[in-house]
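With the sequences and hints as input, model every part of the structure.
The lines below spell out each chain.
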Amino acid sequence: MTDWSPASLFWAVVIFLLINAFACLWRGLAGPTLPDRILAVNVIGTKTMVVLVLLGLAREQGIWLDVALVYGLLSFTVTLVASRLLETGLLKGAWRD
Amino acid sequence: MKTVRRWVQLSIALWLFWLVLAMPLDLSDLFWGLAVAGLAGLGASFFLWRRQAPGLGARNLAGLIFHVFDLVRLIVPAALQVARVVLDPSLPVQPRIIVYKTLLRGELERVTLANTITLTPGTHCVDLDGDRITVHCLAPSFADALVDGRVERRILRSLGISQADD
Amino acid sequence: MLAAVHALIVSFLVIAGAAFFFIGTLGLLRFPDFYTRVHAVTKCDALGAGLVLLGLAIWSGPDGEGVRIMALIALLLLSSPTAGHALARAAFRTGLQPWTREDGDESD
Amino acid sequence: MNARRRTARILAFALLAALAGPLIHGVLQLPAPGSADAPAHANVTANYVERGAESGGAENLVTGVLLNFRALDTFGEVIVIFTAWLAAAAVAGAVSETGRRAIPVSPVVDYVIRALGPFIAAFALFVIVNGHVLPGGGFQGGVVLGAMLILLSLVLGPAPVAGAFSARHWAWLRATGVLVFAATAVIGLALTGHLFGLPAEPVLRKSLMIVLELGIGIGGGAVLAGLFFAVSGVQRS
Chain E
1 MTDWSPASLF
11 WAVVIFLLIN
21 AFACLWRGLA
31 GPTLPDRILA
41 VNVIGTKTMV
51 VLVLLGLARE
61 QGIWLDVALV
71 YGLLSFTVTL
81 VASRLLETGL
91 LKGAWRD
Chain B
1001 MKTVRRWVQL
1011 SIALWLFWLV
1021 LAMPLDLSDL
1031 FWGLAVAGLA
1041 GLGASFFLWR
1051 RQAPGLGARN
1061 LAGLIFHVFD
1071 LVRLIVPAAL
1081 QVARVVLDPS
1091 LPVQPRIIVY
1101 KTLLRGELER
1111 VTLANTITLT
1121 PGTHCVDLDG
1131 DRITVHCLAP
1141 SFADALVDGR
1151 VERRILRSLG
1161 ISQADD
Chain S
2001 MLAAVHALIV
2011 SFLVIAGAAF
2021 FFIGTLGLLR
2031 FPDFYTRVHA
2041 VTKCDALGAG
2051 LVLLGLAIWS
2061 GPDGEGVRIM
2071 ALIALLLLSS
2081 PTAGHALARA
2091 AFRTGLQPWT
2101 REDGDESD
Chain Z
3001 MNARRRTARI
3011 LAFALLAALA
3021 GPLIHGVLQL
3031 PAPGSADAPA
3041 HANVTANYVE
3051 RGAESGGAEN
3061 LVTGVLLNFR
3071 ALDTFGEVIV
3081 IFTAWLAAAA
3091 VAGAVSETGR
3101 RAIPVSPVVD
3111 YVIRALGPFI
3121 AAFALFVIVN
3131 GHVLPGGGFQ
3141 GGVVLGAMLI
3151 LLSLVLGPAP
3161 VAGAFSARHW
3171 AWLRATGVLV
3181 FAATAVIGLA
3191 LTGHLFGLPA
3201 EPVLRKSLMI
3211 VLELGIGIGG
3221 GAVLAGLFFA
3231 VSGVQRS
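Residue numbers (our numbering), protein chains in the order written: chain E, 1 to 97; chain B, 1001 to 1166; chain S, 2001 to 2108; chain Z, 3001 to 3237.
It cannot be assumed that every hint is accurate.
[To be verified] Here are the simulated distance ranges between beta carbons:
1. V1099(B) with I19(E): 55 to 61 Å
2. V3203(Z) with G1130(B): 41 to 47 Å
3. E60(E) with A3183(Z): 34 to 40 Å
4. S1141(B) with R3006(Z): 41 to 47 Å
5. W3172(Z) with L1042(B): 18 to 24 Å
6. V3186(Z) with I1065(B): 32 to 38 Å
7. V3203(Z) with Q1009(B): 31 to 37 Å
8. D1131(B) with R3005(Z): 38 to 44 Å
Calculated directly from the structure, the hints in this document are not laboratory data.
If you're wondering where the values come from, they're calculated on a predicted model, not measured in any experiment.
Don't be surprised by glycine CBs; every beta carbon is placed ideally from N, CA and C.
The following block contains the structure:
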């Protein structure tokens, strides 16, 4: 018990999250509406960020945390910009013709 | 004068943020942090916040952190409820849109309320326009805590704001 | 003993977070329309990522990494509901109709 | 009109196909991934790892290698980013403006970005300044800087942010990465006798590298923001 470390658990969680991310990818492909696709991309971004932190700790690479921070920030920006473009009509959804 | 004071306060906050990022500190970090914090603070307080600054002081910030811990008591039971809905094979959802008039007046309070609604399982803030909040709920019962004003009272208490002096 | 309790708390938080991620994925795939999906996703992602990251912050202790992970949690708690709200508002303002049980089927 | 467009499409396709031929040929010439006798594995890597730490002057091996042994390649990359912007801006300028709606930005988004903005700026500069210890450095910091400019233009509207500098100044800012790199090359020539030679004196070397990273970061950020301005139709190329 004493020589067991959660670090081995981290790898399992990484694989689990990646499977989840691929499942979300299906929603990104299937849609059916544009917001659904943007949402799927946003969700995959969050999972990737957590995976980066997990991998950084499991492999003892502290600098991956900064990569995760940048990734999270960019994922946030992408969602906000995409919704704004949708809102102002630059991106067009199929439900308004 | 007010702008300069805001600049100094923001720069101190940014400097602390820098020191957190650069955690194993050495002397050059202190210097670079101060330079960058001063510069970013200058840009924010004289350019970005010229029209309207976010009314966020040290007291409100502490209140926000308290509010996050307070939120956990609200979120966890509701999250389990939603988990039950998702796992149920028949998917018993009855989505509704309700429009709610909030009593909160400040910008900070309203935005906190909107994000609290979004984070609380079962309700999602779709629009915020003046004091009208459009909420999408998975089932009408999820909005009970919002409609009877419990959420708003919690926010006011956490942020340490009494409605009268606003 | 203390190390074992520490490891146990960390494992519990990480596994609970992963479970919430799974519920979020399930919601994204199962719910009938965009608005209900955005429900499932924003909460479960914020809560799941928050729990996993909290576990990791406890695991790495209050040195540089733990503090940086806490900064990441703060960003997440702010960005996740904001992004979800922005997307839902964009859809709502451009006239995407929400699904209701009376309609019987999907309205898109 | 329609026929002309079709001709243009066919021409573009032919051009792309002609380009793709040599590229595919080049890729096929590459050694199999992970094969031990590939040039990258033969001697270069070992040499970098061995000498990088002591002679690179950067704590992060990758940055040291990028800015010293491979400075010419990195210079090329900076030019590629700049050129990519020129190409993308040319295409983005063609976005139509019909059906644009004037909806105010959500107050929630507005407030969050205003509160978060200065912290994102500080983080971007943190990544740039610490480029010699962190991965990415100027490139990564530049992306964050550009993201911040884009977020700000969501809140304030693209026009005021784009109007913070005149069109000519924006052009200079976008070229910063290329210019700073070229200037460093010349300075290196003057100080050490060969292009991109960084002086051995540690303080001077370190400050030169920070200037380089700042140049790449500012250039990258301006390029990204410029792309967004072009898409939202505020600023043409």
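Quick rundown of the hints versus the structure:
Restraint check, V1099(B) to I19(E): a C-beta distance of roughly 40 Å breaks the suggested window 55 to 61 Å. The hinted window of 41 to 47 Å between V3203(Z) and G1130(B) is violated, with their beta carbons roughly 57 Å apart. With their beta carbons about 39 Å apart, E60(E) and A3183(Z) fall inside the hinted range of 34 to 40 Å. A C-beta distance of roughly 59 Å is found between S1141(B) and R3006(Z), which places it outside the suggested range of 41 to 47 Å.
For W3172(Z) paired with L1042(B), a C-beta distance near 22 Å keeps the hint of 18 to 24 Å intact. Evaluation of the 32 to 38 Å hint for V3186(Z) and I1065(B) yields a failure: the beta carbon distance comes to about 52 Å. Evaluation of the 31 to 37 Å hint for V3203(Z) and Q1009(B) yields a pass: the beta carbon distance comes to about 34 Å. A hinted range of 38 to 44 Å for the beta carbons of D1131(B) and R3005(Z) is inconsistent with their spacing of about 51 Å.
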